[in-house]
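*Asks:* Chain by chain, the residues run as shown.
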Amino acid sequence: MNLTRATITEIVEAVKAKSVSAKEVTAHFLKRAEELNPKLNAFTSFNVNAVSQAEEIDARIARGEDPGPMAGVPFGIKEMLCTKGLVTNAGSKILQNFIPPYDATVVARLKKAGVVITGKLNQDEFAMGSSNETSYFGGVKNPWNLDCVPGGSSGGSAAAQAARLCAGTIGTDTGGSIRQPASFCGIVGVKPTYGRVSRYGIVAYASSLDQAGPMVSTVKDAALTLEVISGHDEKDSTTSQRKVPRWSQELSSNIKGMKIGLIKEYMQGGLHADVQKTVDNAVDALKKMGAEIVEVSIPMTEYAVPVYYLVAASEASSNLARYDGVKYGYRAEFQNLSAVELEDFYGKTRGQGFGKEVKRRIMLGTYCLSSGYYDAYYNKAGQVRRMIMNQYLEAFKNCDIILSPVTTSPAFKIGERVSDPLTMYLNDIFTTSTNLAGLPGMSVPFGMSSEGLPIGIQLTATHFEEQDMLNVGFALEDASPVKGKVPHVI
Amino acid sequence: MSYRGYEAVIGIEIHVQLNTQSKMFCSDSTQFNAGDNENTSPVSVGMPGTLPVVNKKAIEFAIKTGLALGCQIRKKSVFARKNYFYPDLPKGYQISQYDQPLCEHGTITFKVGDQQKTVSITRAHLEEDAGKSNHQGDFTMINYNRAGIPLLEIVTGPDMRTPQEAAEYGRTIRQIVRYLGVCDGNLEEGSMRCDCNVSVRKAGSEKLGTRTELKNINSFRFVEKAIEYEIERQIDMVERGEKVLQETRLWDPDKNKTFTMRSKEEAQDYRYFPDPDLLPLIVTEELIQRMKADLPELPIARKNRFVAEHGLPEYDAGVLTAESDLAQFYEETAKVSGNFKGASNWIMTELLRELNNNNLEINDSPITPKNLGLLIGMIDKGTISGKIAKAVFLDMWKDKKSPEEIIKEKGLVQISDPSTVEKIIDEVLTANAQQVEDHKTGKKKNLFGFFVGAVMKASKGQANPEVVNQILQKKLNG
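One line per chain: the protein sequences are H and B, in this order. Under our numbering, the letters of the first sequence match residues 1 to 490, in that order. Under our numbering, the letters of the second sequence match residues 1001 to 1478, in that order.
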């Protein structure tokens, strides 16, 4: 079996049937990752115990025990997720040596399902970025073109998956951080409904927006992974009590009669020609499969990016206050600590520990929450946010799924936008409203630019209707003109 | 109350540490004597990605307290983050409640001397405590055991006018939370903390003066003294034409003075916003009703009942209801003895004296309410005399035995049989013939008391004094 190109489902079947051992699978992907990582910088660290953990899976199978629904599947985990005993740095100097004594619930559930964690994946610092260029541990390169960014903030996850350095990865999405890099790297990325997946143990960026989700090679793999990590968690009060459907088993490409909505406000031009073509192709393909295309309107969507940056930065300014050099993580060096004023201790530690983009957002958020500005910014942003959500819910009365581009263009060149934060922020124009409204969204590869860079399609469903979204994704995947295409590193 | 033509305006914030088993937002133990940083977890020290989950018990305790203070309980209240940097604040923010507190609009009435005083409770909200910084020489050690312990902050309106009212308010709150069993009310150990806002203004003026906040006062006696001092200090300043500074001050009990802790001129901006990690707290009517049904009789109601139904003097009823356990002890004693006043007297004099001398709480009393009730019953029935009973009481205290056992063992049953008593009297009179003679001739006055004493002595105190009196009366004066 070609392990490199095998799907998660195929690996699980083979491992359970003992036609390949979990140890062999893990060793294969680890070797591949170690060889190719110097080119991509996708992994920040490897799990030295991965092989022995894979052996435990094999032992369980040998003893006739149920090894779990994802037995022996090697996963890379974004640095945002706490992994017991493995450094979890969130892409930041301030956490560079932090080793959590606990697993994020997502990680614990994956492990319980038989997943082997092979290492941690690079990302923008504290998930603040759209190109992976804000990581303290260096940028990640796009496997399709090493001069291009992989997207962000889950750039390491997207690149590692696209280059098949692991069989599956986990990313997090606050304003598009799963979907945008998935689109740039030609993989499937799913951001679940807010509350579907526990945030416990995931380094918080913007608590009311953050969700973790799978970044994998196929829609079915995404459905299976999502099944494993979803569901109520008593450690996270914001998780939903709803039962988790068996998405992977219910997956169906029969979308006849489904109503696909196109957002009027997104169709006012300005898209890269290849992105526009990809969207048009996807719409045609769905029509051919019997879906009905309808136009919906979400007028408030034009405010999504500013509202997102106000909400996210405000929450981040508070969430990141705990990184103060007192209890764990980076502490600035002081000649004579006892003579240092508390303010200087914080100032120096945080000044050295955080990167430029993180500081920018902390300042922005602190300002928005300040007395006298709170109503004009944070409160107002909250009001607009509710209006955006209501308009989405209104739109979903007329359609089952909303289809849109993920970004205005394919992956851009490394360094191209780094000095222009505003252009960089506008990159999130199609993805942020999904988070603001708490809706599930995904990116499915469906096109290729003339320069050979992947282009994804974004699908959005109403709250907790991931099944519809996965089904349309499944249908698109099947009809995709770029099906089976992989970067040349493979 | 006027001070040199000025009026004082006092408002109080009391932090009540709710004595739940676990912390406000995680399962760490709240045990008081744990080793440094033993009661901590990734959640309470604010490690990355950890999240708060509300403690249901703390919510229940807060609702109960709110109800006891006559508050309205909000069906929907919101936890907010109060952002500020300090090393003992692990997350860089404290989870508290801001514009939508759990309890609000209450009132509480208590007595100050002979006057009824009513104080409005603006709000009572839930929050988590911070850790504790211990400054040792050049370094500061931080103990996070306290970080995350649930606090209920009870805030009054600016309704008090004298230091006595303020202290009495504090005592009343302490009594209530102790009755409810939600807090031990120990100011010295910090399970209750009292901050007083004090300002002065010309009597009759509506405009509030600049206030100072007095923090960390560890007894209500000091609350009274500190406010007293602060009122005089502020009036002196105003009289001298100086401005009172808005600041936080501490009480120095050795110097009997308040002094500046920090100036509040640059008001801190806490950047409150709703905590996105917690959903709004929804309280059902059913829970409120359940908490209401669960409320014990509160001290004021109990005191009134002891006066009205048991016929106790107001002072006695006040002493007996100071603590719920003491009131309970009294009620059980009264029930067994069938004598309200007797039970009250014995507890207030004998029992409280012994408890005080031995530094014991009512619950540690070696004498049970049942045994004390039996003892009182035996006096009432004439089985033993009041004087013997006091000796029996001390034996009960020492040996933890029932009064019957002690009386039996020591043969202390009262001698009320007239012929037995007469025999003893005759012996005494014979042995003291000279005194009998003096008495009869009137040579010496008031010898009757001498004979009673001699008879009691001869009977080892067991003779029934009434019978002794009657027979002696007949023999000497008949």
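These are calculated hints, taken from the structure and not from any lab test. Be aware that one or more of the hints could be misleading.
Claimed, not checked - Below, simulated DSS-like cross-link-like pairs (lysine-lysine); rule was C-alpha separation at most 27 angstroms, straight line:
1) K1408(B) / K356(H)
2) K1056(B) / K243(H)
3) K1341(B) / K1398(B)
4) K1381(B) / K380(H)
5) K1410(B) / K1381(B)
6) K1082(B) / K380(H)
7) K380(H) / K1335(B)
8) K1076(B) / K243(H)
9) K264(H) / K243(H)
10) K1408(B) / K1457(B)
*Asks:* All the hints need checking, so say for each whether the structure fits it.
*Replies:* Against the structure, the hints come out as follows:
{"no.": "1", "hint": "K1408(B) / K356(H)", "in the structure": "violated, 89 angstroms"}
{"no.": "2", "hint": "K1056(B) / K243(H)", "in the structure": "holds, 24 angstroms"}
{"no.": "3", "hint": "K1341(B) / K1398(B)", "in the structure": "holds, 25 angstroms"}
{"no.": "4", "hint": "K1381(B) / K380(H)", "in the structure": "violated, 80 angstroms"}
{"no.": "5", "hint": "K1410(B) / K1381(B)", "in the structure": "holds, 19 angstroms"}
{"no.": "6", "hint": "K1082(B) / K380(H)", "in the structure": "holds, 20 angstroms"}
{"no.": "7", "hint": "K380(H) / K1335(B)", "in the structure": "violated, 65 angstroms"}
{"no.": "8", "hint": "K1076(B) / K243(H)", "in the structure": "holds, 26 angstroms"}
{"no.": "9", "hint": "K264(H) / K243(H)", "in the structure": "violated, 34 angstroms"}
{"no.": "10", "hint": "K1408(B) / K1457(B)", "in the structure": "holds, 20 angstroms"}
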